[in-house]
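Residue numbers (the working numbering), protein chains in the order written: chain L, 1 to 287; chain U, 1 to 639.
Quick caveat, the hints were computed from the structure, so don't treat them as lab data. As the structure is a prediction and not an experimental result, all values here were calculated from the model. Please note: incorrect hints may appear among the correct ones.
Looking from chain L toward chain U, a few residues come up when the C-beta cut is under 10 Å (computed) [claimed, not checked]:
{"id": "1", "residue": "Gly37"}
{"id": "2", "residue": "Gln42"}
{"id": "3", "residue": "Tyr45"}
{"id": "4", "residue": "Phe64"}
{"id": "5", "residue": "Gly65"}
{"id": "6", "residue": "Leu75"}
{"id": "7", "residue": "Thr107"}
{"id": "8", "residue": "Ala112"}
{"id": "9", "residue": "Asn117"}
{"id": "10", "residue": "Leu120"}
{"id": "11", "residue": "Arg203"}
{"id": "12", "residue": "Leu205"}
{"id": "13", "residue": "Thr255"}
{"id": "14", "residue": "Ala257"}
{"id": "15", "residue": "Thr272"}
Using 25 Å as the maximum straight-line C-alpha spacing, the simulated SDA-like pairs for lysine to any residue come out as follows [to be verified]:
{"id": "16", "chain 1": "U", "residue 1": "Lys573", "chain 2": "L", "residue 2": "Pro110"}
{"id": "17", "chain 1": "U", "residue 1": "Lys607", "chain 2": "L", "residue 2": "Arg258"}
{"id": "18", "chain 1": "U", "residue 1": "Lys596", "chain 2": "L", "residue 2": "Pro110"}
{"id": "19", "chain 1": "L", "residue 1": "Lys266", "chain 2": "U", "residue 2": "Lys596"}
{"id": "20", "chain 1": "L", "residue 1": "Lys52", "chain 2": "U", "residue 2": "Arg566"}
{"id": "21", "chain 1": "U", "residue 1": "Lys613", "chain 2": "L", "residue 2": "Ile270"}
{"id": "22", "chain 1": "U", "residue 1": "Lys607", "chain 2": "L", "residue 2": "Lys52"}
{"id": "23", "chain 1": "L", "residue 1": "Lys52", "chain 2": "U", "residue 2": "Tyr562"}
{"id": "24", "chain 1": "L", "residue 1": "Lys194", "chain 2": "U", "residue 2": "Asn571"}
{"id": "25", "chain 1": "L", "residue 1": "Lys48", "chain 2": "U", "residue 2": "Pro558"}
{"id": "26", "chain 1": "L", "residue 1": "Lys194", "chain 2": "U", "residue 2": "Val589"}
{"id": "27", "chain 1": "U", "residue 1": "Lys573", "chain 2": "L", "residue 2": "Lys260"}
{"id": "28", "chain 1": "L", "residue 1": "Lys52", "chain 2": "U", "residue 2": "Pro558"}
{"id": "29", "chain 1": "U", "residue 1": "Lys573", "chain 2": "L", "residue 2": "Arg258"}
{"id": "30", "chain 1": "U", "residue 1": "Lys573", "chain 2": "L", "residue 2": "Leu192"}
{"id": "31", "chain 1": "L", "residue 1": "Lys52", "chain 2": "U", "residue 2": "Leu574"}
{"id": "32", "chain 1": "L", "residue 1": "Lys52", "chain 2": "U", "residue 2": "Ser321"}
{"id": "33", "chain 1": "L", "residue 1": "Lys48", "chain 2": "U", "residue 2": "Arg566"}
{"id": "34", "chain 1": "L", "residue 1": "Lys53", "chain 2": "U", "residue 2": "Tyr604"}
{"id": "35", "chain 1": "U", "residue 1": "Lys567", "chain 2": "L", "residue 2": "Lys194"}
{"id": "36", "chain 1": "U", "residue 1": "Lys587", "chain 2": "L", "residue 2": "Arg60"}
{"id": "37", "chain 1": "L", "residue 1": "Lys49", "chain 2": "U", "residue 2": "Lys573"}
{"id": "38", "chain 1": "U", "residue 1": "Lys573", "chain 2": "L", "residue 2": "Gln209"}
{"id": "39", "chain 1": "L", "residue 1": "Lys49", "chain 2": "U", "residue 2": "Tyr576"}
{"id": "40", "chain 1": "L", "residue 1": "Lys260", "chain 2": "U", "residue 2": "Gln569"}
Note that the Cβ used here is the ideal one computed from N, Cα and C, for glycine as well.
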Amino acid sequence: MNMILRVVLYIVLAPIIGGLLEGIDRKISARMQRRVGPPILQPFYDVKKLFKKQVIIVSRSQTFGLIPYFFLMVLTGAMFFAGMDILMCFFVMSTAATALYFAAMVTSSPYATIGANRELIQMMAYEPAVLLTCVGFYLAEGTFNVSEIAASDRTDILFMPGFFVAFVFILTIKMRKSPFDTSTSHHMHQELVKGLTTEMGARNLAIFQVTEWYENVFLMGVVGLYLVNSNPMSIIWAIICIMAVYFLEILIDNTSARMKWQDMMKITWIFTLFTAGVNLLVLMLVK
Amino acid sequence: MTVIPFLILFPFIVAVLMYCIRVNKVRNAIAYISAVILMGGVLWLTAQWLMQGAQVITLTYPTELADHAILAAEIVLMCVVTFLCFKYKKYWISILSIVPTLMMVYVELYGPKVEGMTKIYIDHLSILMCLIVGIIGGLIVIYAVGYMHGYHHHHTGIPDRRYYFFMLLFLFLGAMFGFVLSESLLWIDFFWELTSVCSFLLIGYTKETAAITNSFRALWMNLFGGTILAIGIFYYAFTDGNLALHHLIKEGVLHNAYAVIPIAFIAFAALTKAAQLPFATWLIGAMVAPTPSSALLHSATMVKAGIYVLFRLAPAMKGTSTGTMIAFIGGFTFFVTSVMAIAQSDGKKVLAFSTISNLGLMVACAGMGRPETIWAGVFLMIFHAISKSLLFQDVGATENCLHSRDVEDMHGLLYILPRLAMFMFIGIAGMFLAPFGMLIAKWSAFKASVDSGNIIMVFFIAFGSATTSFYWTKWMGKLVSHTHLTEAKIKDITKKNELISLGIHAFMMVALCALFPILSRIYVDPLLNEMYGHTGQVLPEGLLYLLVVIILIVFLVPFFAYHYSRKQQYNRKLSYMNGVNVGDNKKFVDSFGEEKNLWLSNYYFYKLIGQRKLMVPAQVFSVAALIIMMIIVIGGGAV
Numbered sequence: 001m002n003m004i005l006r007v008v009l010y011i012v013l014a015p016i017i018g019g020l021l022e023g024i025d026r027k028i029s030a031r032m033q034r035r036v037g038p039p040i041l042q043p044f045y046d047v048k049k050l051f052k053k054q055v056i057i058v059s060r061s062q063t064f065g066l067i068p069y070f071f072l073m074v075l076t077g078a079m080f081f082a083g084m085d086i087l088m089c090f091f092v093m094s095t096a097a098t099a100l101y102f103a104a105m106v107t108s109s110p111y112a113t114i115g116a117n118r119e120l121i122q123m124m125a126y127e128p129a130v131l132l133t134c135v136g137f138y139l140a141e142g143t144f145n146v147s148e149i150a151a152s153d154r155t156d157i158l159f160m161p162g163f164f165v166a167f168v169f170i171l172t173i174k175m176r177k178s179p180f181d182t183s184t185s186h187h188m189h190q191e192l193v194k195g196l197t198t199e200m201g202a203r204n205l206a207i208f209q210v211t212e213w214y215e216n217v218f219l220m221g222v223v224g225l226y227l228v229n230s231n232p233m234s235i236i237w238a239i240i241c242i243m244a245v246y247f248l249e250i251l252i253d254n255t256s257a258r259m260k261w262q263d264m265m266k267i268t269w270i271f272t273l274f275t276a277g278v279n280l281l282v283l284m285l286v287k
Numbered sequence: 001m002t003v004i005p006f007l008i009l010f011p012f013i014v015a016v017l018m019y020c021i022r023v024n025k026v027r028n029a030i031a032y033i034s035a036v037i038l039m040g041g042v043l044w045l046t047a048q049w050l051m052q053g054a055q056v057i058t059l060t061y062p063t064e065l066a067d068h069a070i071l072a073a074e075i076v077l078m079c080v081v082t083f084l085c086f087k088y089k090k091y092w093i094s095i096l097s098i099v100p101t102l103m104m105v106y107v108e109l110y111g112p113k114v115e116g117m118t119k120i121y122i123d124h125l126s127i128l129m130c131l132i133v134g135i136i137g138g139l140i141v142i143y144a145v146g147y148m149h150g151y152h153h154h155h156t157g158i159p160d161r162r163y164y165f166f167m168l169l170f171l172f173l174g175a176m177f178g179f180v181l182s183e184s185l186l187w188i189d190f191f192w193e194l195t196s197v198c199s200f201l202l203i204g205y206t207k208e209t210a211a212i213t214n215s216f217r218a219l220w221m222n223l224f225g226g227t228i229l230a231i232g233i234f235y236y237a238f239t240d241g242n243l244a245l246h247h248l249i250k251e252g253v254l255h256n257a258y259a260v261i262p263i264a265f266i267a268f269a270a271l272t273k274a275a276q277l278p279f280a281t282w283l284i285g286a287m288v289a290p291t292p293s294s295a296l297l298h299s300a301t302m303v304k305a306g307i308y309v310l311f312r313l314a315p316a317m318k319g320t321s322t323g324t325m326i327a328f329i330g331g332f333t334f335f336v337t338s339v340m341a342i343a344q345s346d347g348k349k350v351l352a353f354s355t356i357s358n359l360g361l362m363v364a365c366a367g368m369g370r371p372e373t374i375w376a377g378v379f380l381m382i383f384h385a386i387s388k389s390l391l392f393q394d395v396g397a398t399e400n401c402l403h404s405r406d407v408e409d410m411h412g413l414l415y416i417l418p419r420l421a422m423f424m425f426i427g428i429a430g431m432f433l434a435p436f437g438m439l440i441a442k443w444s445a446f447k448a449s450v451d452s453g454n455i456i457m458v459f460f461i462a463f464g465s466a467t468t469s470f471y472w473t474k475w476m477g478k479l480v481s482h483t484h485l486t487e488a489k490i491k492d493i494t495k496k497n498e499l500i501s502l503g504i505h506a507f508m509m510v511a512l513c514a515l516f517p518i519l520s521r522i523y524v525d526p527l528l529n530e531m532y533g534h535t536g537q538v539l540p541e542g543l544l545y546l547l548v549v550i551i552l553i554v555f556l557v558p559f560f561a562y563h564y565s566r567k568q569q570y571n572r573k574l575s576y577m578n579g580v581n582v583g584d585n586k587k588f589v590d591s592f593g594e595e596k597n598l599w600l601s602n603y604y605f606y607k608l609i610g611q612r613k614l615m616v617p618a619q620v621f622s623v624a625a626l627i628i629m630m631i632i633v634i635g636g637g638a639v
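With the hints as constraints, model all of the structure from the sequences given.
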């Protein structure tokens, strides 16, 4: 019963929380750039408007990529908050990301294709860290099961600081924040145009936007999982940690320039090896 | 169980017929009928075995005649290889054939005579192999009839020796049945050598320079493996006085000192057959052969022979230094070849590298030797056999239509050759995407390597699966992109029999994806039970429901989306090209004011991670690792 409630809550609340997070993101970014910035609810107005706009498309088949992307991402988060296998969650997430890649590739538009190809490289860059994170949870708790990890007495971050750092690092890639915003960008007047999302308009762009909210809430949930334990107080710590991480991402986003994908690839893999890898070694030896 | 000698002998008889009949239509008809009979035979064997309670069945024939026949055939085989080696001036390779053959002859004549020895051993694993060989092999033969017709139509420079080609295909099928059903190591060795030689002859089919060079490379590597196998058997026969495979495994499980060296040698030999590093190059070279032989030998069945042997030995390798060696080489191969696969744009080369890479994962699963890893390995084997066979056949059929098998030329294949593109899509999705069992198997292998504390394997799988997803996804992306090719219309000239085979493969692929939790319960769990006496709880809970949901999303949602979007009003526009499109999405105006075709390409990084750059260092490294570990094994196991 509890499980169904959590899933329903995720499905209903995730877009609201995700939208609010984006609104806050825009506001803080604006303040960092000495602008006033849009109202916090601006992302909701945007999406509402996108749904109302005339449907302009390059290729009809784009919907076939985007709709599975949306459903698979919702499924990922639902599985996570239902307390299922965390490794499975990430496998479903990578299938969702593949669907997004198809949605961008299908148009054969030069900018969308460049963005899609780079998105693929980003996936290759962050996947080892994601998989190793799951292994970290498994070693710390003896299970991949999210509900068991959350219900245990241990505070996982104490056992897996290296994994945590690696995960926060790849979060920047996953959230397409600068310096790793190689697949799409916030600003149109660059070599990428809008990369991955160049050819998405109106309803399609709205679907993409909402899916991103779901995704961000799921990712923040994983960040929280590092802190949550059987003590209800830990949830408050987890929320504080999530806010800190989110702020850190905004800060990084606003203070760094886009990196070449080659460098991103190298840095990410090496960083993963040295943080998650060393942590893994230690955990395995202690075990 | 008369069906067993039938399964082994019938293909040989058909092979002779294939060679003798030079009228294409008659030969094709016989090939069809024989393929169907073989499939029926395999199903009949399975049914009989199931009726007897799906137990282990051992058969002992009064086989003096068969033993002599095999001995004679082995010598004939040696003469053929030696003759060809001399003909093409590769004298030294003949040593690799003569030495093991003489060793086997010696064992046969002067070795231990075991009274009433079991000759045939049937259990879940061998039935599974028979099903793979019989069903997929049969379908590939059906496909080959159509394909070879088209092949000689386009490649007029190559002499039409289809009688020879089909002879080899059937010869190979018989050898494979013999290999997986035999219990006597002498028989196993003979069938092993026979598959090596069939592969060698098929690679050299076209008689072009590249084909001959590659065929001899495949020959020496496989014969080298055969020599190692022969040494292992020789040692086993004269120290232990036995020739039965399962006896050896039993002793290995008990950590009997006699068993260590033979097991290490046989496992080493299996590495060559499964094309692991440093022996991987023969399989890449083998891609010059016509597609059916690539599909049958070099992906779906023959390379699985190596995996089969390793699975057999797995309980005996668990926790030993041999197991460590095999797991390390497998994991290393999995990772390195998946990186190299990124740099390939030739469709068949990608398939070759991914085959080696997947075999590496299976080898690693066998090397770790835990029930969970074997569970994963068996599923990897099943899914890999079907989807690779599908992909190879499909790439072959596509090549016949497009006159190219380069992935870059498959841009927008979904709109040019929709049927073939759909099959290709299913095949590739089967290799790594979520609803398909391959991913679950990877999940299980990953978990088991954490459980067994194999840190290096954890890294290999974590990084290797990232690179694997990369090269498959970018290929799939090519298929779905809207076409920018402006050439004349391309006609789908795929023959009906090719489509039948492709269709059945695709159907099996999708059906297995839905049925595999059941398959796990009724087939793979008993298989593990036979090997270990118990099964590990492998399947994650709730997986079944999850699978159903994912299948619904992946297959049904796009369907409804289509219906929904049909009613929608939309405004179609050109894609964004800074406003320099020339009326359509295919051309733009360049800086000289001239029209230019748009050409989109994937990333390959071939200068960074190409075969030329990585293969030699990887080989050197794996040779060094193998030598060191073999020394440790032999040093630790010497009696």
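Evaluation of the provided hints:
1. Taking 10 Å as the C-beta cut-off, the interface hint given for glycine 37 of chain L is violated, the closest approach to chain U being about 28 Å.
2. The interface hint given for glutamine 42 of chain L is broken, as the beta carbon of that residue sits about 24 Å from the closest beta carbon of chain U, more than 10 Å.
3. Interface restraint check: tyrosine 45 of chain L against chain U, minimum CB-CB distance 23 Å, threshold 10 Å, status violated.
4. Contact between phenylalanine 64 of chain L and chain U, as hinted, is supported at the beta carbon level, the nearest pair being about 4 Å apart and thus within 10 Å.
5. At about 8 Å, the closest approach between the beta carbon of glycine 65 of chain L and any beta carbon in chain U falls short of 10 Å, and the interface hint on this residue holds.
6. Residue-level restraint check for leucine 75 of chain L holds (minimum Cβ-Cβ distance to chain U is 6 Å; threshold 10 Å).
7. With a cut of 10 Å, the hint placing threonine 107 of chain L at the interface with chain U holds, because the nearest CB-to-CB distance is about 6 Å.
8. Residue-level restraint check for alanine 112 of chain L holds (minimum Cβ-Cβ distance to chain U is 7 Å; threshold 10 Å).
9. Using the Cβ-Cβ criterion of 10 Å, the hint placing asparagine 117 of chain L at the interface with chain U is satisfied: the shortest such distance is roughly 6 Å.
10. Annotation: interface hint on leucine 120 of chain L holds; nearest CB of chain U at approximately 6 Å, less than 10 Å.
11. Contact between arginine 203 of chain L and chain U, as hinted, is supported at the beta carbon level, the nearest pair being about 8 Å apart and thus within 10 Å.
12. Nearest Cβ of chain U to the Cβ of leucine 205 of chain L: about 13 Å, over the 10 Å cut. The hint is violated.
13. For threonine 255 of chain L, the interface hint is violated, since its Cβ never comes within 10 Å of a Cβ in chain U; the closest pair sits about 28 Å apart.
14. The interface hint given for alanine 257 of chain L is broken, as the beta carbon of that residue sits about 22 Å from the closest beta carbon of chain U, more than 10 Å.
15. Evaluation of the threonine 272 of chain L hint against chain U yields a held restraint, the C-beta minimum of about 8 Å falling below 10 Å.
16. Restraint check for lysine 573 of chain U and proline 110 of chain L: the C-alpha separation of about 15 Å stays at or below 25 Å, so the hint holds.
17. A hinted pair counts as satisfied when its Cα atoms are at most 25 Å apart, and lysine 607 of chain U with arginine 258 of chain L qualifies at roughly 24 Å.
18. Restraint check for lysine 596 of chain U and proline 110 of chain L: satisfied, since their Cα atoms lie roughly 13 Å apart, inside the 25 Å limit.
19. Between lysine 266 of chain L and lysine 596 of chain U the alpha-carbon distance is near 35 Å, which puts this suggested pair outside the 25 Å criterion.
20. Taken as a hint, the lysine 52 of chain L and arginine 566 of chain U pair is honoured in the structure, with Cα atoms around 18 Å apart against an allowance of 25 Å.
21. Distance restraint check for lysine 613 of chain U and isoleucine 270 of chain L: the Cα-Cα separation of roughly 20 Å lies within the 25 Å cut-off, and the hinted pair is therefore satisfied.
22. Distance restraint check for lysine 607 of chain U and lysine 52 of chain L: the Cα-Cα separation of roughly 48 Å exceeds the 25 Å cut-off, and the hinted pair is therefore not satisfied.
23. Restraint check: the Cα-Cα separation between lysine 52 of chain L and tyrosine 562 of chain U comes to about 20 Å, which is no more than 25 Å; the hinted pair holds.
24. Distance hint between lysine 194 of chain L and asparagine 571 of chain U is fulfilled; the C-alpha atoms sit about 20 Å from each other, no more than 25 Å.
25. With a C-alpha separation of about 24 Å, the suggested pair lysine 48 of chain L and proline 558 of chain U falls inside the 25 Å cut-off, and the hint holds.
26. At roughly 21 Å between alpha-carbon atoms, lysine 194 of chain L and valine 589 of chain U fall within 25 Å of each other, so this suggested pair holds.
27. Simply put, lysine 573 of chain U and lysine 260 of chain L have alpha-carbon atoms about 31 Å apart, too far for the 25 Å limit, and the pair is violated.
28. A threshold of 25 Å between alpha carbons decides the hint, and for lysine 52 of chain L with proline 558 of chain U the separation of about 22 Å falls inside it, so the pair holds.
29. Note on lysine 573 of chain U and arginine 258 of chain L: the hinted pairing is violated, with a Cα-Cα distance of about 30 Å set against a maximum of 25 Å.
30. Taken as a hint, the lysine 573 of chain U and leucine 192 of chain L pair is honoured in the structure, with Cα atoms around 20 Å apart against an allowance of 25 Å.
31. At most 25 Å may separate the alpha-carbon atoms for a hinted pair to count; lysine 52 of chain L and leucine 574 of chain U meet this at roughly 21 Å.
32. Using a Cα cut-off of 25 Å, the hinted pair lysine 52 of chain L and serine 321 of chain U is violated, with the two alpha carbons roughly 66 Å apart.
33. Straight-line distance between C-alpha atoms of lysine 48 of chain L and arginine 566 of chain U comes to about 22 Å, which keeps the hinted pair within the 25 Å bound.
34. For a cut-off of 25 Å, the pair hint linking lysine 53 of chain L to tyrosine 604 of chain U is broken: about 39 Å separates their Cα positions.
35. A distance of roughly 29 Å separates the Cα atoms of lysine 567 of chain U and lysine 194 of chain L; the hinted pair therefore is violated under the 25 Å criterion.
36. Proposed proximity of lysine 587 of chain U and arginine 60 of chain L is supported: the alpha carbons are some 20 Å apart, at most 25 Å.
37. Restraint check for lysine 49 of chain L and lysine 573 of chain U: satisfied, since their Cα atoms lie roughly 20 Å apart, inside the 25 Å limit.
38. A threshold of 25 Å between alpha carbons decides the hint, and for lysine 573 of chain U with glutamine 209 of chain L the separation of about 21 Å falls inside it, so the pair holds.
39. The hinted pair formed by lysine 49 of chain L and tyrosine 576 of chain U meets the criterion: a straight-line CA distance of about 22 Å does not exceed 25 Å.
40. About 40 Å separates the Cα atoms of lysine 260 of chain L and glutamine 569 of chain U, which puts this hinted pair outside 25 Å; it is violated.
Hints 1, 2, 3, 12, 13, 14, 19, 22, 27, 29, 32, 34, 35, 40 from the list above are not met by this structure, while the remaining hints are.
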